[in-house]
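Participant: Residues per chain, in single letters:
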Amino acid sequence: MKEFDSPRQNIDMKIEERLRQADPARNAEVLDEGLVLKAAKLADARRLAGDVSEASWITRNPRRLTLGLSGLVTATALATAFVVVLPGSEANKPLPSSTNSIASGGQLPTLPEPISYSNFGQYISPEYNSSSQALAVPNVVAGVALMTKNVDFSPSKSILKLRPSFATIYKVTSNETVLDTGKKLAELFALEQPLRISKPGRFGSTTATVGSIPSTPTLPGIGQPNSPSYRSVAVTGSKNGISWVYGNSRAMAWRPCKSGDSMNKNVSIISRGGSKGHTSCQALPSGLGPTSTEALDRAKQLFQGLGYQTGTTVASTPEGGLYLVAQGFGEQIEGRLTYYLGTVSGFLKIGGQVTTLAQKVFFTSSSKQIVSAQGFIGNAKPVYTSILKSPAIAARQISVYDQGPDSMQLIDLKNPGSYIRIDYSTSIKKAPNGNPVPHNAKTKTIYISKFHLVPGVIQGTDGSTWLIPTYEFTDGGGYLGAVKGIPRALLLNQDASTAQNQ
Amino acid sequence: MTPELFAEHYRQHLPAIAKFLARRVDSPDIEDLCSDVFIKAFEKKHLAPEGFELAWLYSIAGHLVANHRRKLTTATRLFSALSVTNYAPSAESLAVADLTLAQAWQKLKPSEQNLLALVALDGASVTEAAKILGISPNAVSVRLNRARTKLASFMEVSE
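Read top to bottom, the protein sequences are chains A and B. Under the working numbering, think of the first position of the first sequence as 1, with each following residue one higher. Under the working numbering, think of the first position of the second sequence as 1001, with each following residue one higher.
Think of the hints as simulated: they come from the structure by calculation, not from any bench. Among the hints, a few may not be true.
[Unchecked claim] EDC-like, lysine to aspartate or glutamate: derived pairs with alpha carbons at most 20 angstroms apart:
hint	chain 1	residue 1	chain 2	residue 2
1	A	368	A	294
2	A	41	B	1043
3	A	38	B	1029
4	A	41	B	1008
5	A	41	B	1004
6	A	41	A	113
7	B	1045	A	33
8	A	38	B	1032
9	A	38	B	1053
10	B	1040	A	33
11	B	1107	A	23
12	B	1107	A	16
13	A	38	B	1036
14	B	1150	A	17
15	A	38	B	1043
16	A	38	B	1008
Kindly produce the complete structure, drawing on both the sequences and the hints.
Facilitator: Have a look at this one:
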């Protein structure tokens, strides 16, 4: 500044030096840095105790296109630990979600600590983690993937105006023991054998099994011709959540191949193999499976036995019940399942919204029996309110590959087992396709103009399941991506391998 | 902004705010007032000027110190509260180290004490001081020069 150039500067500096030497704060006490966080939390709590508005979760438009990668869809559907919420002991009456306790998220405490979650759940191995990511590559080998380095997502003016809101986070906890669940499932699947229960293991979890368990690990539902026959239920979990799986290799009606068998004509799968010099051929015949109506009835019967009420339309599905969707049933042979596997998924309806939390029942084309099923038992309870990221911030966090820490994968309600990835925005469809775009290509900005707030599912590393508010973005022309709605600071991402090492 | 993010951004300023308060209030009150500063800052975080967060915190702390002193004064002398406009370090607090300086300091106007303390003790730049006091940087420069000159002349007389 000008005055510092004057001859008075030395005198001034001397005065200031004397002031500094006389500084009363020279030996001031050092305060704990935690004071800042405590103060902020106190202010936040005071604010929430006052005027808090809760964002409403808008029902998603169910119009989605399938991935069209049947093998991938099947493998993903079978191997991914989808979770389900059950009313449990409150069977035949609505979950607390129908009461004010769910609607009044603003009355709940704020999130006191980060949610420790895993992208793939605690029971999925790191090997599966890596292989599924490798398998998922074809999901995005489309125009947008090839031009990803040249795409920039930006919120439109209308979204920029919107301020952050608050929304409720739900946690799923079991309300019955692993043993009780095992007994119930054994009865539903007519497994009249002794129930075995393990000692408490990791996270205090126990496992109950009933039936003939295959000696070698086999993915439920994918019965191989030479694998041992089995029919069994396994239930595992703790107070943080109970999941179950049923497998029935006998539902896979294999027969020796005949001359003229073809996967394009009369069989779903032909498997070749055998010892050296001896080639065997097994065919899995098609057209013997259930119709979609029969499958829905069987699944409905199963879910109701577990305590759910069900519906086949969103409107008719009761609160806390399951919205049933059948997928993959062909119509070439008298309406019976002609595709290798058909699925009935029950999506939980909570807070008036259909979530992506689902349990699944699989049928094959060769038998009317259930080949496999999987689910989760527990209650979804509103536990926290959280301030959300602003829509504009979330819009900038869209990851084309859905692998970033802010990204969220939403299950396609119309096509159980597949993630919403293909109904791309019209802006993306207009993007260069077919060949990788040179790195120096001009960046294409896609302006995001619309979003829905939907409940997305994340799994805690302790086996718990959470429903967190999630932004699902569009630009008016199609789906662009989903982003976790709550701030990153409230989420502690631990993948399966990390969690297992702890 | 969550409390966690807020703390992440603002905890770096805690030592400066603690010293700011230590220069102006008694030791037992420092921690409470410091907490009040960050509570108020969280409540008004949307008003924080980017790049001048510390100056903004000083401004909040200054108001809280003034209020704090007003409460103390009110407790002992009713009706005198409105006369408290200064939140600079007191001459008594400076006297421990430099009696001459303290005597000269006492002769400055409260506004001059505030400005000098902000720049010389709290380390605020001219621009930051302008933000804190709500005046232009030019006005800060002029008043700062005037305050320095006056303090120097008072000290020459004293010595």
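Participant: Each hint needs a verdict: does it hold in this structure or not?
Facilitator: Taking the hints in turn, this is what the structure says about them:
Of the pairs offered as hints, the one joining residue 368(A) and residue 294(A) holds, with about 9 angstroms between alpha carbons and a cut-off of 20 angstroms not exceeded. With a C-alpha separation of about 10 angstroms, the suggested pairing of residue 41(A) with residue 1043(B) holds against the 20 angstroms cut-off. Note on residue 38(A) and residue 1029(B): the hinted pairing holds, with a Cα-Cα distance of about 17 angstroms set against a maximum of 20 angstroms. Of the supplied pair hints, the one linking residue 41(A) and residue 1008(B) holds, its CA atoms being roughly 13 angstroms apart against a limit of 20 angstroms.
Between the alpha carbons of residue 41(A) and residue 1004(B) the distance comes to roughly 8 angstroms, so the proposed pair stays at or under 20 angstroms and holds. Distance hint between residue 41(A) and residue 113(A) is fulfilled; the C-alpha atoms sit about 11 angstroms from each other, no more than 20 angstroms. Taking the CA atoms of residue 1045(B) and residue 33(A), the gap is about 18 angstroms. The hint holds against a cut of 20 angstroms. Using a Cα cut-off of 20 angstroms, the hinted pair residue 38(A) and residue 1032(B) holds, with the two alpha carbons roughly 12 angstroms apart.
Distance hint between residue 38(A) and residue 1053(B) is fulfilled; the C-alpha atoms sit about 19 angstroms from each other, no more than 20 angstroms. At roughly 17 angstroms between alpha-carbon atoms, residue 1040(B) and residue 33(A) fall within 20 angstroms of each other, so this suggested pair holds. The hinted pair formed by residue 1107(B) and residue 23(A) meets the criterion: a straight-line CA distance of about 18 angstroms does not exceed 20 angstroms. As the CA atoms of residue 1107(B) and residue 16(A) are separated by approximately 16 angstroms, the hinted pair is consistent with the 20 angstroms bound.
Distance hint between residue 38(A) and residue 1036(B) is fulfilled; the C-alpha atoms sit about 11 angstroms from each other, no more than 20 angstroms. Only pairs whose Cα atoms come within 20 angstroms are accepted, and residue 1150(B) paired with residue 17(A) is accepted, the gap being roughly 16 angstroms. Between the alpha carbons of residue 38(A) and residue 1043(B) the distance comes to roughly 13 angstroms, so the proposed pair stays at or under 20 angstroms and holds. Straight-line distance between C-alpha atoms of residue 38(A) and residue 1008(B) comes to about 12 angstroms, which keeps the hinted pair within the 20 angstroms bound.
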